[in-house]
Amino acid sequence: MARNIRIFLQGLLLLLIVGVGCTSAPSSISSWTAQNGKVKVLSSTGIIDDLVAEIGGEFVDHTALIMGDVDPHSYELVKGDDEKITFAHVVFANGLNLEHGASFRYHLEHHSHVVYLGGEIEKIVPDQILYNDGELDPHIWMDISLWVLAIDPVIEALSKEDPAHAAQYRANGEDLRAKMVATHEKISSELQSFSEEKRYLVTSHDAFHYFARAYLAEGDTHLDRCVAPAGLAPEGQLSVVDIQRVTDHLCDHKIDVVFPESNVARGALKKIVASCKHKGLNVRLCESPLYGDAMGHKGSGADTYLLMLEHNAKVLRDEWAR
Amino acid sequence: MGEVNSPAIEIKNLTVHYGKTPVLWEINCSIPRGILLGILGPNGAGKSTLLKTLLGQLKPIGGETLFFGEKLREKKKKIAYVPQRSSVDWDFPINVENVVLMGRYQKLGMLKWPKKADRQAVHAVLDRVGMLPFARRQISQLSGGQQQRVFIARALLQEADIYLMDEPFAGVDIATEKALIALFAELKKEGKTLCIVHHDLMTVRSYFDWILLLNSCLIDFGPVEEVFHEENLKRAYGSSAYLFTETKKLAQARSTGDE
Amino acid sequence: MLEFFTDPVLRAPTLGTMLMCFGAGLIGCLAFLQKRSLVGEALSHAAYPGVVLSILVSSLLFPFSEKGAALSILIGALLTSSLGLIVIHQMEKRLKISSDAALCFVLSLFFGVGVLFASRLQIIQPLWFQQIQLFLFGQAATMVDGHIILYGALALFVVAAILFLFRYLEILYFDRGFAKALGMRVGPIDLLTYFLLVVAVIVGMRSVGVVLMSAMLIAPPAAARQWTNRFGPFLALSSFFGLLSGFLGNLLSIYVPRWVGEPHLSLATGPMIVLVASSLCVASLLFSTQRGYCTRMARIAAFRLETASENLLKALYKKREGKKSWWLLKWLEWKGLVENSALTDLGVQEAEKLIRLHRLWEVYLVHMGQGVERVHASAEEMEHILTPEIEQELQALLDYPTVDPHEQPIPGGAR
Numbered sequence: 001m002a003r004n005i006r007i008f009l010q011g012l013l014l015l016l017i018v019g020v021g022c023t024s025a026p027s028s029i030s031s032w033t034a035q036n037g038k039v040k041v042l043s044s045t046g047i048i049d050d051l052v053a054e055i056g057g058e059f060v061d062h063t064a065l066i067m068g069d070v071d072p073h074s075y076e077l078v079k080g081d082d083e084k085i086t087f088a089h090v091v092f093a094n095g096l097n098l099e100h101g102a103s104f105r106y107h108l109e110h111h112s113h114v115v116y117l118g119g120e121i122e123k124i125v126p127d128q129i130l131y132n133d134g135e136l137d138p139h140i141w142m143d144i145s146l147w148v149l150a151i152d153p154v155i156e157a158l159s160k161e162d163p164a165h166a167a168q169y170r171a172n173g174e175d176l177r178a179k180m181v182a183t184h185e186k187i188s189s190e191l192q193s194f195s196e197e198k199r200y201l202v203t204s205h206d207a208f209h210y211f212a213r214a215y216l217a218e219g220d221t222h223l224d225r226c227v228a229p230a231g232l233a234p235e236g237q238l239s240v241v242d243i244q245r246v247t248d249h250l251c252d253h254k255i256d257v258v259f260p261e262s263n264v265a266r267g268a269l270k271k272i273v274a275s276c277k278h279k280g281l282n283v284r285l286c287e288s289p290l291y292g293d294a295m296g297h298k299g300s301g302a303d304t305y306l307l308m309l310e311h312n313a314k315v316l317r318d319e320w321a322r
Numbered sequence: 001m002g003e004v005n006s007p008a009i010e011i012k013n014l015t016v017h018y019g020k021t022p023v024l025w026e027i028n029c030s031i032p033r034g035i036l037l038g039i040l041g042p043n044g045a046g047k048s049t050l051l052k053t054l055l056g057q058l059k060p061i062g063g064e065t066l067f068f069g070e071k072l073r074e075k076k077k078k079i080a081y082v083p084q085r086s087s088v089d090w091d092f093p094i095n096v097e098n099v100v101l102m103g104r105y106q107k108l109g110m111l112k113w114p115k116k117a118d119r120q121a122v123h124a125v126l127d128r129v130g131m132l133p134f135a136r137r138q139i140s141q142l143s144g145g146q147q148q149r150v151f152i153a154r155a156l157l158q159e160a161d162i163y164l165m166d167e168p169f170a171g172v173d174i175a176t177e178k179a180l181i182a183l184f185a186e187l188k189k190e191g192k193t194l195c196i197v198h199h200d201l202m203t204v205r206s207y208f209d210w211i212l213l214l215n216s217c218l219i220d221f222g223p224v225e226e227v228f229h230e231e232n233l234k235r236a237y238g239s240s241a242y243l244f245t246e247t248k249k250l251a252q253a254r255s256t257g258d259e
Numbered sequence: 001m002l003e004f005f006t007d008p009v010l011r012a013p014t015l016g017t018m019l020m021c022f023g024a025g026l027i028g029c030l031a032f033l034q035k036r037s038l039v040g041e042a043l044s045h046a047a048y049p050g051v052v053l054s055i056l057v058s059s060l061l062f063p064f065s066e067k068g069a070a071l072s073i074l075i076g077a078l079l080t081s082s083l084g085l086i087v088i089h090q091m092e093k094r095l096k097i098s099s100d101a102a103l104c105f106v107l108s109l110f111f112g113v114g115v116l117f118a119s120r121l122q123i124i125q126p127l128w129f130q131q132i133q134l135f136l137f138g139q140a141a142t143m144v145d146g147h148i149i150l151y152g153a154l155a156l157f158v159v160a161a162i163l164f165l166f167r168y169l170e171i172l173y174f175d176r177g178f179a180k181a182l183g184m185r186v187g188p189i190d191l192l193t194y195f196l197l198v199v200a201v202i203v204g205m206r207s208v209g210v211v212l213m214s215a216m217l218i219a220p221p222a223a224a225r226q227w228t229n230r231f232g233p234f235l236a237l238s239s240f241f242g243l244l245s246g247f248l249g250n251l252l253s254i255y256v257p258r259w260v261g262e263p264h265l266s267l268a269t270g271p272m273i274v275l276v277a278s279s280l281c282v283a284s285l286l287f288s289t290q291r292g293y294c295t296r297m298a299r300i301a302a303f304r305l306e307t308a309s310e311n312l313l314k315a316l317y318k319k320r321e322g323k324k325s326w327w328l329l330k331w332l333e334w335k336g337l338v339e340n341s342a343l344t345d346l347g348v349q350e351a352e353k354l355i356r357l358h359r360l361w362e363v364y365l366v367h368m369g370q371g372v373e374r375v376h377a378s379a380e381e382m383e384h385i386l387t388p389e390i391e392q393e394l395q396a397l398l399d400y401p402t403v404d405p406h407e408q409p410i411p412g413g414a415r
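Protein chains in written order, with our numbering: chain Z, 1 to 322; chain Y, 1 to 259; chain U, 1 to 415.
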């Protein structure tokens with residue numbers, strides 16, 4: 001009897017392992033490697049992929065390596081990734097140290113045509129790049145006025161690979177530029193309409209400094225506008241010093257709402273909310289998350305770059321209006 | 001109820017198996033009170049097994065044992081056991097005094113705190129074995145002979161009537177051995193029964209009154225002058241006995257699937 | 001300092017980890033005494049696949065319940081940890097594999113399976129993947145008041161169990177045969193201690209993590225063992241060291257950034273606690289009053305000093321020529337044995353004692369059958385070691401000799 005149970009459990013375990021191992025990632029490698037004459041463009045994040053989609057349109061085969069809510073900072077390659085990289089004609093990465101997983105960096109550096117968009121922006125406006133405690137802040141897409149400078153390098157790279165459609169790429173790029181500038185103006189005016197004491201942003205990790213500087217700050221107080229317990233990458237070890245710092249910040253400025261992010265755990269923010277309650281400050285955790293390192297899922301209303309930023313602005317507006 | 005004159009230990013048809021291999025076969029003997037019994041036999045003869053079975057640590061396949069005419073359960077407090085020294089963890093953080101105090105736990109139970117009278121009893125018994133100056137010493141700092149004396153002291157504290165000892169003289173210096181055998185003689189005078197597994201054939205005649213010769217089955221049992229002679233020893237230790245031991249090992253290997 | 005127990009940000013990590021380390025220090029003693037300290041390491045690593053698998057399963061069954069996920073993590077960890085324990089036990093008993101091999105096998109196998117599933121989880125449920133990574137290294141900083149209650153209950157349970165079983169454990173771990181002879185139910189007690197170990201590991205994972213949990217089970221008992229030779233004080237000291245490590249770890253993670261002038265330096269609490277515990281262990285190994293390495297070195301140095309000064313004393317007595325170390329002279333002066341480079345009365349007495357011991361020992365060695373030519377070297381060493389008690393015994397044994405084997409007189413020998 002015991003022997004039968006043992007065999008049954010062993011079989012179940014085996015089935016579980018094999019089953020999970022066999023379910024493959026949704027992307028189909030076979031279509032990517034098929035030769036269909038189009039330029040194959042691989043982007044590291046979904047945000048960059050969205051840019052490529054707008055500019056390249058149906059003339060390119062594009063895909064993103066880091067999908068969904070996966071954290072781009074610590075991403076390491078999984079099965080199938082290096083095939084995707086090898087077969088891509090162009091690889092767009094964020095640069096500015098966003099992709100610092102070792103295997104990922106290695107493959108990026110060894111590709112024949114890789115464009116670091118953040119690096120390109122840095123070449124144009126080097127003094128606009130932010131540093132956090134001496135380290136490069138890579139979240140440059142949170143400021144539309146800076147991200148718009150990435151359009152030209154994309155057009156250039158695509159035109160180089162596919163000169164036949166260069167004109168279309170340029171046209172699409174200009175369309176996108178107009179849309180981005182318009183959104184930038186809209187968000188600016190919406191958020192600046194709130195009084196200065198309201199415009200404070202507390203989130204899960206330091207992803208919003210560019211955003212804070214562009215839309216919330218007065219002059220250069222962006223460091224004060226945007227505070228978070230975790231550092232530039234959400235995988236870092238937290239200490240009570242971080243919790244204390246944010247709690248004190250909330251109490252000092254009498255902030256009443258904190259904003260979680262879609263793809264970062266909320267444990268730290270919950271602890272901060274509880275601590276503030278004990279200190280007499282009533283803080284609430286906003287129900288809709290902000291999108292920082294990743295866009296929303298399909299159908300969430302924040303599944304493109306511009307929609308994502310508009311969604312963030314809307315959430316802030318709604319909470320501050322309460 | 002046991003009679004006043006029932007033997008100390010009565011063993012009837014005792015058979016013990018280890019897995020499928022028989023280790024003790026049909027042991028039959030009646031150990032009288034107030035003697036020093038030496039249990040002899042070659043390695044693997046089942047001497048330690050016999051002691052452990054008597055104490056109830058091993059379950060026999062057949063047969064029974066009676067102590068003063070009653071079952072083990074009734075008489076457990078009257079039996080003291082001194083195990084082999086190698087079976088103990090000598091790095092344990094405990095000193096001599098507390099080891100001996102363990103002999104009191106059967107009386108105190110597991111939850112009561114030892115009183116002054118108990119501690120005095122410990123000191124008295126340590127003095128009897130000559131270990132009183134070492135009362136606070138950590139046990140790992142003791143020599144072989146000193147360790148053995150501490151164990152005997154613990155058994156003494158149990159105030160038992162039957163003492164079962166497994167190779168108490170192994171690895172012990174001559175002075176300690178002489179002191180211990182003198183102590184055992186005293187205990188015998190007090191009417192205690194001592195059953196001692198022994199390995200040194202040279203000293204059997206001078207130490208013991210009765211002997212039990214074992215080699216999985218009972219070779220012989222009785223007063224030492226009658227039983228301790230060459231023919232018996234040949235049957236227990238000689239080459240024919242060696243064949244017996246080898247065959248037993250083979251049986252064990254077969255039943256556990258070894259090569 | 002009091003704010004560590006009152007401030008809402010600090011009190012949960014501080015009290016929670018202190019209580020957890022208290023319990024772990026106590027349980028760790030049992031594994032330590034069985035010489036199986038690494039069991040904690042194997043069990044904490046064996047818990048990891050349980051954590052991952054339970055998240056995978058609960059994300060399929062109840063997608064959005066956080067409380068459900070937390071509970072299933074606990075259950076999953078308990079299951080795989082217990083499974084690991086069973087596997088270790090079977091490997092040792094049935095397959096006759098040595099203890100450390102079985103532990104390493106279970107550790108790497110289970111952890112490997114956990115990592116395998118975790119990389120799958122990274123794609124399916126990235127948010128929960130981060131939660132699980134928390135269990136790898138712990139995150140004491142985000143503990144809330146509820147954790148204080150949880151860890152308090154654990155500590156209370158452990159203390160109660162150990163107090164109740166105190167006598168049993170003492171006998172069981174020292175002399176298993178005697179325990180059985182007393183009629184102790186050895187099996188259930190073993191089972192209970194293993195259960196306590198598994199529970200301590202699972203519950204402690206949250207604060208110091210899978211990787212570091214074993215340190216809290218090993219360092220406090222190893223440190224405590226250096227200071228005591230009794231079972232009760234051993235348990236008490238070990239749990240105290242655990243408590244202390246918990247507190248100091250929290251303290252240092254706040255104060256060290258201030259001391260080095262980098263107020264935003266982030267030092268996670270779990271690793272700090274482990275660092276403190278390990279330092280306590282190393283300090284105990286070096287400096288404990290009985291067995292510490294440095295203590296013993298100091299004793300050896302002191303003995304060498306005594307020997308050197310006694311040799312100098314003899315040289316002065318025998319009026320030998322040659323360079324004399326002036327600081328040894330100063331040392332003898334300070335002891336009142338020498339004045340102005342000449343022996344005092346006390347010095348003469350001491351020197352004669354040395355020579356007496358030397359020659360007495362030579363007589364003894366010859367008495368034992370050593371050749372006369374060979375006894376001098378041994379006596380040179382032994383004269384510094386023989387105690388007055390041994391001297392008396394030698395005198396009695398050798399019948400108060402007056403000359404040594406080289407026909408030299410033994411000073412103060414005749415009695």
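Possibly wrong hints are sitting among the right ones.
[To be verified] No farther apart than 30 Å at their CA atoms in a straight line, the calculated lysine-lysine pairs in the BS3-like style are these: (1) U:Lys-96 x Y:Lys-248; (2) U:Lys-324 x U:Lys-335; (3) Y:Lys-248 x U:Lys-324; (4) U:Lys-180 x Y:Lys-249; (5) U:Lys-180 x Y:Lys-71; (6) U:Lys-319 x Z:Lys-277; (7) U:Lys-67 x Y:Lys-248; (8) U:Lys-335 x Y:Lys-52; (9) U:Lys-93 x Y:Lys-20; (10) U:Lys-93 x Y:Lys-59; (11) Y:Lys-77 x U:Lys-180; (12) Y:Lys-52 x Y:Lys-116; (13) Y:Lys-115 x Y:Lys-59; (14) U:Lys-324 x Y:Lys-59; (15) Y:Lys-116 x U:Lys-335; (16) U:Lys-180 x Y:Lys-115; (17) U:Lys-324 x Y:Lys-75; (18) Z:Lys-270 x Z:Lys-179; (19) Y:Lys-76 x U:Lys-180; (20) U:Lys-67 x Z:Lys-279; (21) Y:Lys-52 x U:Lys-35; (22) U:Lys-324 x Y:Lys-52; (23) U:Lys-335 x Y:Lys-12; (24) Z:Lys-298 x Z:Lys-277.
[As the list claims (entries may be wrong)] To give an idea of the chain Z side of the interface with chain U (calculated C-beta under 8 Å), a few residues: (25) Val-70; (26) Gly-80; (27) Lys-84; (28) His-184; (29) Lys-186; (30) Ser-188; (31) Gln-192; (32) Asp-242; (33) Ile-243; (34) Asn-263; (35) Val-273; (36) Leu-281.
Honestly, the hints are just simulated from the structure, not real lab data.
Every residue, glycine too, gets a C-beta built ideally from N, C-alpha and C.
(request) Check each numbered hint from earlier against the structure, then list the numbers of those it violates in ascending order. (result) Numbers 3, 6, 7, 8, 12, 13, 14, 15, 17, 18, 22, 23, 24, 26, 27, 28, 29, 30, 31, 35, 36, in rising order.
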